[in-house]
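Chain order of the listed sequences is P and F.
Read in the working numbering, the first sequence has 179 at position 6, and its numbers run on one by one without any break.
Read in the working numbering, the second sequence has 339 at position 250, and its numbers run on one by one without any break.
Please note that the accuracy of each hint is not assured.
[Stated by the list, open to error] Okay, derived cross-link-like pairs now, PhoX-like style, lysine-lysine, Cα gap no bigger than 20 Å in a straight line:
hint: 1; chain 1: F; residue 1: K97; chain 2: P; residue 2: K343
hint: 2; chain 1: F; residue 1: K345; chain 2: F; residue 2: K328
hint: 3; chain 1: F; residue 1: K413; chain 2: P; residue 2: K191
hint: 4; chain 1: P; residue 1: K322; chain 2: F; residue 2: K97
hint: 5; chain 1: F; residue 1: K345; chain 2: F; residue 2: K329
hint: 6; chain 1: F; residue 1: K229; chain 2: F; residue 2: K202
hint: 7; chain 1: F; residue 1: K97; chain 2: P; residue 2: K300
hint: 8; chain 1: F; residue 1: K296; chain 2: P; residue 2: K191
hint: 9; chain 1: F; residue 1: K97; chain 2: P; residue 2: K294
hint: 10; chain 1: F; residue 1: K476; chain 2: F; residue 2: K413
hint: 11; chain 1: F; residue 1: K223; chain 2: F; residue 2: K202
hint: 12; chain 1: P; residue 1: K300; chain 2: P; residue 2: K343
hint: 13; chain 1: F; residue 1: K229; chain 2: F; residue 2: K308
hint: 14; chain 1: F; residue 1: K440; chain 2: P; residue 2: K198
hint: 15; chain 1: F; residue 1: K327; chain 2: F; residue 2: K308
hint: 16; chain 1: P; residue 1: K289; chain 2: P; residue 2: K300
hint: 17; chain 1: F; residue 1: K476; chain 2: F; residue 2: K329
hint: 18; chain 1: F; residue 1: K122; chain 2: P; residue 2: K201
hint: 19; chain 1: F; residue 1: K329; chain 2: F; residue 2: K202
hint: 20; chain 1: F; residue 1: K308; chain 2: F; residue 2: K223
hint: 21; chain 1: F; residue 1: K416; chain 2: F; residue 2: K440
hint: 22; chain 1: F; residue 1: K328; chain 2: F; residue 2: K340
hint: 23; chain 1: P; residue 1: K348; chain 2: F; residue 2: K97
hint: 24; chain 1: F; residue 1: K296; chain 2: F; residue 2: K308
hint: 25; chain 1: P; residue 1: K322; chain 2: P; residue 2: K233
hint: 26; chain 1: F; residue 1: K327; chain 2: F; residue 2: K476
hint: 27; chain 1: P; residue 1: K241; chain 2: F; residue 2: K327
hint: 28; chain 1: P; residue 1: K316; chain 2: F; residue 2: K97
hint: 29; chain 1: P; residue 1: K198; chain 2: P; residue 2: K233
hint: 30; chain 1: F; residue 1: K440; chain 2: P; residue 2: K289
hint: 31; chain 1: P; residue 1: K198; chain 2: F; residue 2: K128
Everything labelled a hint here was simulated from the structure, so no lab data went into it.
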Amino acid sequence: MLSVILMNVDLNESESNKFEELYYKYRKRLFSCAFSILKNNEDSEDVLQNAFIKIAQNIKCIAELESKETAAFLTVIVKNCAYDFLRKYSDYTEPLTEETENISVNDNSIEELVDKLEYEKIVSVIKNIPSPYNEVLYIHFVKDYSLKKTAVILGRKTATVKMQLVRGKKILVEKLREALYD
Amino acid sequence: MTKNNILKNAFIDAQLDSRVIYTYDFSAYFNEKMQRIIKMQKGFGRLINTASKRAACIVLAIILCFTTVACSVKEIREPVFEEIKRIVVNAKELLRGTAAHDVAYLFPTDIIKIVGTSHISENKNQYYINEKEKITSFIKLLSETQWGSPKQFEEFEKANIYWSFDFYNSNGERVLEIKMCNDTAYERSKIAIIKDGEENHFYISNKIYNEILAFTNQKYYLHNSPVGDIDDSFFIEKKKTVFKGMNEEYKREAQKRIRSLHYEMEHFLMSNVSLLKEGDSIYWEYVINENIFIDPISGLERKYDINRIFRYEMEYLISVVEDKRTKESLIDVLTLYEQAVAEHNLSALFKVHEYIHDYDYFAFNFPTHYVYSEDADYQGINDYFGKLG
Numbered sequence: 174m175l176s177v178i179l180m181n182v183d184l185n186e187s188e189s190n191k192f193e194e195l196y197y198k199y200r201k202r203l204f205s206c207a208f209s210i211l212k213n214n215e216d217s218e219d220v221l222q223n224a225f226i227k228i229a230q231n232i233k234c235i236a237e238l239e240s241k242e243t244a245a246f247l248t249v250i251v252k253n254c255a256y257d258f259l260r261k262y263s264d265y266t267e268p269l270t271e272e273t274e275n276i277s278v279n280d281n282s283i284e285e286l287v288d289k290l291e292y293e294k295i296v297s298v299i300k301n302i303p304s305p306y307n308e309v310l311y312i313h314f315v316k317d318y319s320l321k322k323t324a325v326i327l328g329r330k331t332a333t334v335k336m337q338l339v340r341g342k343k344i345l346v347e348k349l350r351e352a353l354y355d
Numbered sequence: 090m091t092k093n094n095i096l097k098n099a100f101i102d103a104q105l106d107s108r109v110i111y112t113y114d115f116s117a118y119f120n121e122k123m124q125r126i127i128k129m130q131k132g133f134g135r136l137i138n139t140a141s142k143r144a145a146c147i148v149l150a151i152i153l154c155f156t157t158v159a160c161s162v163k164e165i166r167e168p169v170f171e172e173i174k175r176i177v178v179n180a181k182e183l184l185r186g187t188a189a190h191d192v193a194y195l196f197p198t199d200i201i202k203i204v205g206t207s208h209i210s211e212n213k214n215q216y217y218i219n220e221k222e223k224i225t226s227f228i229k230l231l232s233e234t235q236w237g238s239p240k241q242f243e244e245f246e247k248a249n250i251y252w253s254f255d256f257y258n259s260n261g262e263r264v265l266e267i268k269m270c271n272d273t274a275y276e277r278s279k280i281a282i283i284k285d286g287e288e289n290h291f292y293i294s295n296k297i298y299n300e301i302l303a304f305t306n307q308k309y310y311l312h313n314s315p316v317g318d319i320d321d322s323f324f325i326e327k328k329k330t331v332f333k334g335m336n337e338e339y340k341r342e343a344q345k346r347i348r349s350l351h352y353e354m355e356h357f358l359m360s361n362v363s364l365l366k367e368g369d370s371i372y373w374e375y376v377i378n379e380n381i382f383i384d385p386i387s388g389l390e391r392k393y394d395i396n397r398i399f400r401y402e403m404e405y406l407i408s409v410v411e412d413k414r415t416k417e418s419l420i421d422v423l424t425l426y427e428q429a430v431a432e433h434n435l436s437a438l439f440k441v442h443e444y445i446h447d448y449d450y451f452a453f454n455f456p457t458h459y460v461y462s463e464d465a466d467y468q469g470i471n472d473y474f475g476k477l478g
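Assemble the whole structure, with the sequences as input and the hints as a guide.
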């Protein structure tokens, strides 16, 4: 309830209509996504509501109502909200990764690996990248937004997003390599 | 497909796995909350769809409630309006003045006599202030005045003085002198303070200038009526009487003419009261002969139009008014004006203003509302002087 009172969303008429259509079109799919993570109806509804407020705040990032990219972007936002919820209210801990602050991953090495793998294997690898890296990588590779904008969309600090992007790329490279030598 | 596009599509497809879409009925609570969010972004809701907009609306609602209460209760409404008027008048004065400068230290405390000299009177009249209480008030007024930043005025070097005041101590020594020059062009006054041979120049407001002069002779008030509240029905009757037998065109023209005359009269009195207080003031002759003249003190070219305007507008009103008693009353007002000018009687001119004020606000143009005009003195819009009989 408090989030509704304090929400800071100011949409124009066309954005408002777009938001309403997005809600009715995707709410069930997005609920399913939240439920698959949270396994609880009430929590999933809470997360979905917060996700839609986030969607309203980032409505300008959505170009088309009905496209795979839009559906994927909304899913990323819901997943992000769901994992945030887990981090906040349960004993969920993020998967451990090595300290990689000083390791930089060249996008060329990712592309070289992508070039050698079948498409289905790449999709399968990406599916297995855990949160929060998966969401950051999605926005980096699909939306190509700056770190600052990514941080705003995901509700994280820019420095955190920067670190998660480096770690995420390293995980992606490792998993792509594993898939290549399987 | 480029490598970049392959990765992009893979990321999109990875999000859209073949996860089962549950057939789930959202709770009523969830539906209600979502409807509220959607509604907030539509129509009227958009006005209050952010926390800052909601805060602004709450403040506005409080102000509206306060204003409604203030306007509906007479006991609250009138002081509130008075306060607003006071703030406007003070702001006007502040804007026209210059930055305050504390000069209180210049004024001695052991004064036993102040001599004021009018340089605008033919006889250079002198006024003696000997009473301790009056002297204290005079020094207090000077000490608490907002003095404009010191500036050197050429006018004083040419002995361009309207009034001067000499301050004497118990030994009969002149310890302080002030020279005053009323600058009507800028609606503020110049003052020179001379102490121990050193001369400092300042600006003060015309209001304070007139307050200082009030220590020498009578103080005049444009709107200071002793008459209490009178029922509106009385004025409605008066309006009917003055308009009796007049056609609509004459009525409208009469309303315009008396308002114009009223403001001219007010402007004349407000601007010239300090120059016309004395019967032998050199300025009375300029009022009477209506010619362009070079002000002997300021050296500026000036002209008084009030005689011409007053006669012109009054003669029109007298000619179009059909009601016999109103016509006679207006003729009396014109006669009173002619006498006041001929006899150099400022008090009588203020009385003439009271008649014009009452005929304008409480007869020809009743009920009167505030309409912005540079010349109007809005402080008197509710004052009735009882001149309508």
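Practice problem: Of all the hints given earlier, name the ones this structure violates by number, lowest first. | Solution: 3, 8, 14, 15, 19, 27 and 30
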